[in-house]
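Undergrad: Taken in sequence, the protein lines are chains L and E.
For the first sequence, the numbering used here begins at 1 and goes up steadily by one.
For the second sequence, the numbering used here begins at 1001 and goes up steadily by one.
By construction, these hints were calculated from the structure, which means they are not laboratory data.
Mixed in with the good hints, there may be bad ones.
[Said to hold, decoys possible] One side of the interface only, derived from the structure: several residues of chain E facing chain L at Cβ under 10 Å: (1) LYS1093; (2) VAL1102; (3) LEU1104; (4) ALA1119; (5) PRO1188; (6) MET1192.
Just so it is clear, CB atoms sit at the ideal spot from N, CA and C, and this is done for glycine as well.
What follows is each chain in one-letter form.
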Amino acid sequence: MFEAAPINLQNEQVQNRFRLMFGGMMVILIIPVVIILATLVIKGWPAISWTFLFTDPTNGMTAGGIFPALFGTIWLVVVSLLASVPLGVAAAVYLSEYAPDNMLTRMINLATINLAGVPSIVHALFGVGAFVIFFRFGTSILAASLTLAIMTLPVIIVSSWESMQAVPRAFREACWNMGATRWQTIRTVVLPNAIPGILTGVILQVSRAAGETAPIMFTGAAMFLPFLPNSVFDQTMALALHLFVVATQVPDIPESLPFGVALVLVGIVLIMNTLAIWFRMRLRGKKKW
Amino acid sequence: MVNSTVSRAKIKIEVKDLSIAYGGHKALGPVNLDIRESEIFGVIGPANSGKTSFLNAINRMDMMRTNMNVTGNIRIDDIDTRNWRNVYALRRKIGVVFPLPVGLPLSVYDNVALAPRLAGTAGTQAQLDELVERCLRRAALWDEVKDRLGHLGSLLSGGQQQRLTIARALSQSPEILMLDEFSIAVDPVTTMRIEDVLKELKSEMTIILVTNLVQQANRLADRTAFFLNGECVEIGETEQLFNGQAKDQRTNDYIGGKFG
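Pulled out of the complex, with its shape left as it was, chain L reads as follows:
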């Protein structure tokens, strides 16, 4: 028998209390983000202009623009992605689709996750030893980008691995039963459905690569270099290091300049992320099960 039950006010109150609690936590998290962005925009916006974006720094970096640093950061991020994405996705394909489920594989997985937690200065010193000295790339875009790639690889591997594991096993079984090889199965079923998740990992790493200072300052980024690099074997300026320099090393600088640099850096990251998120949404819209 169904009877009209009285509304349980206590229940409703508990519900509301939890909703408030979680909502409050979200607000607490958003406040710093809003303050940072607001400060950057308010203090940095006066510095932004076409000349600021597209000319060289002048007067000992106290005036002029940031073009070499902007250009250098884009170089560094693109070259490091060219190295880390194919390598990371390939490693994840192996770990997820080919590797037998044994002690060794599990240890490799654990090591990869741990590698993601290594401080960036350690990656920097590795980069100096490996790329600058051992491979004789010198301090160059290539050495700095590869150092960034090494730093970003673990997260790319882990997130790619997880998104491949999220593709139902039944899809693979169906494919194998049709007489598809492992590689055909990966190509037709696993990777297309894992790409949105892989992109999420890549998006996070773009921001990291653009923003890290330590890995590039010993391997390829110069403090002041008022011309553009000609090849990947040249040094370059970079926004993150430039920000560090103008904020702490150069006296008598207009206040808006460091904020302007920071605003541009955040802007680049936001634009790249927006592009990747838009791309991911398009892919997600097509793939459903």
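Using the hints, position chain E against chain L.
TA: Frame of chain L; chain E shown alone:
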């Protein structure tokens, strides 16, 4: 009564001393049986009796599972499946339908065209179109999807997806069709439609029907094997088993609904 046309037919699959174990845990065996060309061979038994493992051993899916050990021999067309040089070609001869419908997240058309494309036998666009239409028609799905071949196969209803799976299996032009409890997620009307499809297909291919619906085996199978806890208890003409002429009391009890 023994159906004489069936018993004289050629042996398609010969299973000898087949045992299957996962790690150290035995799942099935030993099994000795013959499956004849163009018959529907039913396999009944409660859960965990080794039915699915049996199917996996036939198309050599043990290769994809590190802990699955298969001993004994399975000969298809008188060739040991272990000696098939190209295991992918072997699997292409065997269509498989799963308990839960698996519509791959591709369009309806691509779902059916996938197997020929992967095998490199797709031919011209017109030939592929014709193959897709033929398979969908035979799976009794064409009329429902002909106007939306570009829609995602994984968004069809459960019963439609299961017929899509059958169409996909048919696109391989298989000589053997294995169905693993296909009706588990399908409504009774769709089940009856698929059963009618199977009766038609029987003349062209050997069908292995694993089912936990005893009456389904009775309706469709020419001969039936009863698996129980990894043991092949009995193999016989379906008619005999269901007329209470089973040799083993456990078979009679299972078919009679006393357990399982």
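Undergrad: Now tell me if each hint is right for this structure.
TA: We went through each hint and held it up to the structure:
1. Interface restraint check for LYS1093(E): the shortest CB-CB distance to chain L comes to about 8 Å, inside 10 Å, so the restraint holds.
2. A hinted interface residue such as VAL1102(E) counts as satisfied when its beta carbon comes closer than 10 Å to some beta carbon of chain L; here the least separation is about 4 Å, so the hint holds.
3. Using the Cβ-Cβ criterion of 10 Å, the hint placing LEU1104(E) at the interface with chain L is satisfied: the shortest such distance is roughly 6 Å.
4. At a threshold of 10 Å, the smallest CB-CB gap from ALA1119(E) to chain L is about 6 Å, leaving the interface hint in force.
5. Restraint check, PRO1188(E) versus chain L: the minimum CB separation of about 24 Å is more than 10 Å; hint violated.
6. Interface restraint check: MET1192(E) against chain L, minimum CB-CB distance 24 Å, threshold 10 Å, status violated.
Violated hints, listed in ascending order, are 5 and 6; each of the other numbered hints is respected by the structure.
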